[in-house]
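So the protein sequences, as listed, match chains A and B.
Residue numbers 1 to 349, in the numbering used here, belong to the letters of the first sequence in order.
Residue numbers 1 to 349, in the numbering used here, belong to the letters of the second sequence in order.
You may find that some hints are simply not true.
Each pair may be met inside one copy or between any two copies, as identical chains are not told apart.
For lysine to any residue, the following SDA-like pairs were computed, each having C-alpha atoms within a straight-line distance of at most 25 Å [unchecked claim]:
id	residue 1	residue 2
1	Lys120	Ala280
2	Lys322	Arg136
3	Lys238	Gly64
4	Lys322	Glu138
5	Lys322	Thr46
6	Lys236	Gly137
7	Lys322	Pro57
8	Lys169	Glu62
9	Lys238	Gln285
10	Lys238	Gln312
11	Lys236	Leu282
12	Lys238	Ala171
13	Lys169	Arg213
14	Lys322	Pro81
15	Lys238	Gln286
16	Lys120	Ala203
17	Lys120	Asn299
18	Lys236	Gly199
19	Lys322	Glu207
20	Lys238	Leu139
By construction, these hints were calculated from the structure, which means they are not laboratory data.
2 protein chains.
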Amino acid sequence: MKQAGSSTPAIAALHPIGPASLIALDWGTTSLRAYLFDANGAVLATRALTAGIMNLPRSADEGGFDAAFDDACGAWLDNAPAIPVIAAGMVGSAQGWVEAPYVEAPASADTLVADIVPVKTARGSTVHIVPGVLQRGELPNVMRGEETQIFGALGDAGASPTQSADAGKRALIGLPGTHAKWAVVQAGRIERFHTFMTGEVFAALREHTILGRTMVTPDRPDTEAFLRGVKIARDKGKAGVLATVFSTRTLSLTQQLSREEQPDYLSGLLIGHEMAGLEAVLNQQQDSLAAQSLRLIGNEALCERYRLALAQFGCTQAELVKHVTERGLWRVAAQAGLVNPAPHAARVS
Amino acid sequence: MKQAGSSTPAIAALHPIGPASLIALDWGTTSLRAYLFDANGAVLATRALTAGIMNLPRSADEGGFDAAFDDACGAWLDNAPAIPVIAAGMVGSAQGWVEAPYVEAPASADTLVADIVPVKTARGSTVHIVPGVLQRGELPNVMRGEETQIFGALGDAGASPTQSADAGKRALIGLPGTHAKWAVVQAGRIERFHTFMTGEVFAALREHTILGRTMVTPDRPDTEAFLRGVKIARDKGKAGVLATVFSTRTLSLTQQLSREEQPDYLSGLLIGHEMAGLEAVLNQQQDSLAAQSLRLIGNEALCERYRLALAQFGCTQAELVKHVTERGLWRVAAQAGLVNPAPHAARVS
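Next up, chain A with everything else stripped away, as it sits in the complex (with noise of 0.2 Å):
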């Protein structure tokens, strides 16, 4: 078979490599990742397409999502035409391929495949979209495609002692990024969570505001800054996160931040922001950062920078967790009966 894009070796070292079992789409706004398994749960091959459900080859109307698809995996349908397809992201949004309407938290991994929506192939595979979640109240919050790697970070149960322990423990984990998530999960269940738009917000402040005016992007990441950004926010915050960015230009105004200094300061103050608005959500609940036994899931250079800023929080148990997007379509896949694991690959179901 020809296998396009790369494998992952560290995964795929852990068994045997054997047939094609199961492809698994990551499909979100602005990328396509697919991955192809064996039998085991072990990736085969990967392709990485930018064809988001914004991003379409051509238009959702004249055939978009079937002309992404093709391109992402139609090689290894050919090859393979009878094995089944999974997919979680913004695929199942409304501007999605199919509506999967979102399930309510709490969510397990059964809550999710219950909901299931499949969606039938131009080329006449049927495509199993994996819902987002929901969560009601006067804020409410809402996921898609993250659920489905909180349970892959969750999905080592029975690996470890340590791991197994994730059946009733609770658990919090960190997803930065544009919105980053961070989710309280319990006895294999999403039960709340949190929307930061911190990364979207940086952006937005930095290209669209007077503060990204002096700013110059530092040759290596200034941890020295990033951090100074990180302490304002949380012992000189109280006005808030409105006021503590202004400093970025006072600073500079009174020679204190320099140009190349600036982007991680403001990275900082908005990281250390979300830190101290999740600080104080746990404080209602007689729980704290510095209580936490955490995981994060994401970029690595990003979850480093939550890493130490939460450090700075009095957190200092923060585990980075790889490959959570594959081994949670896989572990959705399996509930859902799609694969049927063999009894040695039970450590990745």
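Go by the hints and put chain B onto chain A.
Just chain B now, with coordinates in the frame of chain A:
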């Protein structure tokens, strides 16, 4: 004398109209407003131009400031070449005509006057540029132009027993806008102040994030949606503005907020967070918004929104003060000896 632009009858009517005695310029980033005063401080004429310092008719190197100056008040000076000229605002910044370095808070009108910087114009007049105010610290703050408006709001000392109490009483003055300012004034001095980038952040979120995509501007401001946002910020805002703003989207996704309600809801959220931040700062000083009898300066419709928001925080005594820019410029000019108000005009000096 030819009078360009519109007069301000509300002020002029208080005093007999006399010959011109002062030209005053409120010269900001995007606009330039010129006032012609008689010897009693009554406004004889005004002119409004778009020639802010970032919007000059030609570049600064090519005499852009002189050109804008001539456009604004050349005709007045042709008729009365000897009258003094005063200017406040960004015209005194590092990007302005000539830099008038910040004076440090606490700052009185005398402090400002002592550091006025003169600039000679091409036509031979001298423009007296009022400095801005800097508050040093870990979170420095700066203002340019607002200091003059604040002294304008305090400038009626002597006019009535209530207002003469300004001399000793502590007052909180709010200047809503792109960069909202809140200044604590006591004994005629700006003691300290805060800046909230509320207006600019609102514009950036609306124009350059996902929150704006579903927004439709309503025919008239939606007070109910605005107050809903204020109350969410007040009662459910613990996680901070980075978290609450996402509800603009999720309330829309769950059909609880229409497209037309979204702009005012988001505005309410941001202004509500500004109030909550201000309240937190006041609380640190054993003070509160509810205990304030404060003044608002600025756009009337925006000040009305702030009054509504302040009321949600228990502050029902918020007085809108008008004509503070021209009154402040007149007052600083008088303090500087540029004009010698007649005794009966003491009320505006």
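Hints and how they fare:
1. Taking CA atoms no more than 25 Å apart as the test, Lys120 paired with Ala280 passes in neither setting, with 46 Å inside one copy and 55 Å between copies.
2. Neither within a single protomer nor between protomers do Lys322 and Arg136 lie at most 25 Å apart by alpha-carbon distance, with minima of 30 Å and 45 Å respectively.
3. Neither within a single protomer nor between protomers do Lys238 and Gly64 lie at most 25 Å apart by alpha-carbon distance, with minima of 48 Å and 42 Å respectively.
4. In this assembly of identical chains, the alpha carbons of Lys322 and Glu138 never lie at most 25 Å apart, being 33 Å within a copy and 38 Å across copies at closest.
5. For the homomeric pair Lys322 and Thr46, the shortest alpha-carbon distance inside one copy (15 Å) is at most 25 Å, but the shortest distance between copies (65 Å) is not.
6. Taking the shortest Cα distances, Lys236 and Gly137 sit within 25 Å of each other only across copies (11 Å), while inside one copy they are farther apart (30 Å).
7. Taking the shortest alpha-carbon separations for Lys322 and Pro57, neither the intra-copy value of 30 Å nor the inter-copy value of 56 Å comes in at or below 25 Å.
8. Neither within a single protomer nor between protomers do Lys169 and Glu62 lie at most 25 Å apart by alpha-carbon distance, with minima of 48 Å and 70 Å respectively.
9. With identical chains, the CA atoms of Lys238 and Gln285 are at most 25 Å apart both within one copy (20 Å) and between copies (12 Å).
10. For the homomeric pair Lys238 and Gln312, the shortest alpha-carbon distances inside one copy (17 Å) and between copies (19 Å) are both at most 25 Å.
11. Taking the closest pair of Cα atoms, Lys236 and Leu282 come within 25 Å of each other both inside a single copy (20 Å) and across two copies (14 Å).
12. When the C-alpha separation of Lys238 and Ala171 is checked against a cutoff of 25 Å, the pair qualifies only between copies, where the shortest distance is 21 Å, while the shortest distance within a copy is 28 Å.
13. Within a single copy, Lys169 and Arg213 get their C-alpha atoms no closer than 47 Å, and across copies no closer than 39 Å, so neither meets the 25 Å cut-off.
14. For the identical chains of this complex, Lys322 and Pro81 are neighbours neither inside a copy (30 Å) nor across copies (75 Å), given an alpha-carbon limit of 25 Å.
15. Taking the shortest Cα distances, Lys238 and Gln286 sit within 25 Å of each other both inside one copy (20 Å) and across copies (14 Å).
16. Taking CA atoms no more than 25 Å apart as the test, Lys120 paired with Ala203 passes in neither setting, with 38 Å inside one copy and 42 Å between copies.
17. In the homo-oligomer, the alpha carbons of Lys120 and Asn299 never lie at most 25 Å apart, since the shortest distance is 33 Å inside one protomer and 56 Å across protomers.
18. Proximity of Lys236 to Gly199 under the C-alpha cut-off of 25 Å is found in both arrangements, the shortest distances being 21 Å within a copy and 22 Å between copies.
19. For a Cα distance limit of 25 Å, the shortest separation of Lys322 from Glu207 qualifies neither inside one copy, at 31 Å, nor across copies, at 35 Å.
20. In this homomeric assembly, Lys238 and Leu139 come within 25 Å of each other (Cα to Cα) both inside a single copy, at 22 Å, and across copies, at 12 Å.
Violated hints, in rising order: 1, 2, 3, 4, 7, 8, 13, 14, 16, 17 and 19; the structure is consistent with all others.
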